[in-house]
Amino acid sequence: KAGVTQTPRYLIKTRGQQVTLSCSPISGHRSVSWYQQTPGQGLQFLFEYFSETQRNKGNFPGRFSGRQFSNSRSEMNVSTLELGDSALYLCASRQGSGNTIYFGEGSWLTVV
Amino acid sequence: GESVGLHLPTLSVQEGDNSIINCAYSNSASDYFIWYKQESGKGPQFIIDIRSNMDKRQGQRVTVLLNKTVKHLSLQIAATQPGDSAVYFCAEMGNTGKLIFGQGTTLQVKP
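Line by line, the protein sequences are chains A and B.
With the working numbering, letter number 92 in the first sequence gets 285, and the count goes up by one each step, no holes.
With the working numbering, letter number 55 in the second sequence gets 1241, and the count goes up by one each step, no holes.
In isolation and in its complexed conformation, chain B is listed as follows:
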């Protein structure tokens, strides 16, 4: 079946360091990928997305990399700040319109 997985349930980084959160997906038909950030008690907040015809996309302090050959997605956060502490979800979408989410990685930023 379809699934999206993250490699690590928890990632702890020092403030100011760069963070890399990884995700593996299994549905090769997926053509749209999104990263969401979810803080405690809140809904998922859109961070950045990428379509399958691209392999890299940059936003403000964030970069998403897509490797379709190995079905791997990563989120890089530059100069991680305490406010970046949250659970990060990757999600994929094919032509059905439904998002399939991974289990999430908790990012802890140490001051």
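This is chain A alone, in the form it adopts within the complex:
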């Protein structure tokens, strides 16, 4: 069974641009969540989607958004990029509430 797949793995963007990251969960998993990892702040929760609905949201500005499709695949978008948005963005999936959460390899975003 394939794990959580994230694309692209690496990308470089310029300040002010926007970026879209994609995540395919493990087959059969309906919940997808996103995390940001930086050296200074560690791993921080962005949001969780279940059955195309945002179920929970972390403390990030409105520039960070996401969505989930009917096949459980998810995307997150960051608009008006800032230098501080440079980070590893991790997607995680689980079957539903109370199940183990598995992470993908992440998308490395560098904002210049």
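To be clear, the hints were calculated from the coordinates, so they are not data collected in a lab.
Hints may be right or wrong, so weigh each one.
Quick list of the computed label-pair ranges, beta carbon to beta carbon [said to hold, decoys possible]:
id, chain 1, residue 1, chain 2, residue 2, range
1, A, Ser279, B, Ser1212, 26 to 32 Å
2, A, Gln288, B, Ser1214, 22 to 28 Å
3, B, Arg1247, A, Gln234, 29 to 35 Å
4, A, Tyr203, B, Ala1215, 37 to 43 Å
5, B, Gln1244, A, Ser220, 24 to 30 Å
6, B, Thr1255, A, Gly289, 27 to 33 Å
All C-beta atoms in this analysis are idealised placements derived from N, C-alpha and C, irrespective of residue type, glycine included.
Since the structure of chain A is provided, determine the placement of chain B on it from the hints.
Just chain B, lined up with the frame of chain A:
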């Protein structure tokens, strides 16, 4: 606020020895705890989890202990190997569905 902390940022052990990585959490409402291993350039890899109705759980070469009285979590790795070298994160979850991570402990295994 909520936070999960690890006692030591770096732990250095000799190959073959047992390793113990500690974690303190502050949210008494958390009922699910997980340990992840993260190698350089990779995403967090699930190691073992435990629910609040248990105080010990064993896996292959790993054991997680939960002490709810003092809000303490530990990961024990038996016969530590060079491949165990990585950053280890503890994480907690309550009924919100979001994981709250600690800052991580770097495990260095000396040959």
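Evaluated hints:
In this structure the hint that serine 279/A and serine 1212/B lie 26 to 32 Å apart at CB holds, the actual value being about 29 Å. With their beta carbons about 27 Å apart, glutamine 288/A and serine 1214/B fall inside the hinted range of 22 to 28 Å. A hinted range of 29 to 35 Å holds for the C-beta pair arginine 1247/B and glutamine 234/A, which are about 31 Å apart. Between tyrosine 203/A and alanine 1215/B, the C-beta spacing of about 38 Å keeps the proposed range 37 to 43 Å intact.
At about 29 Å, the beta-carbon gap between glutamine 1244/B and serine 220/A stays in the expected band of 24 to 30 Å. The supplied range of 27 to 33 Å is met by threonine 1255/B and glycine 289/A, whose beta-carbon atoms lie about 30 Å from each other.
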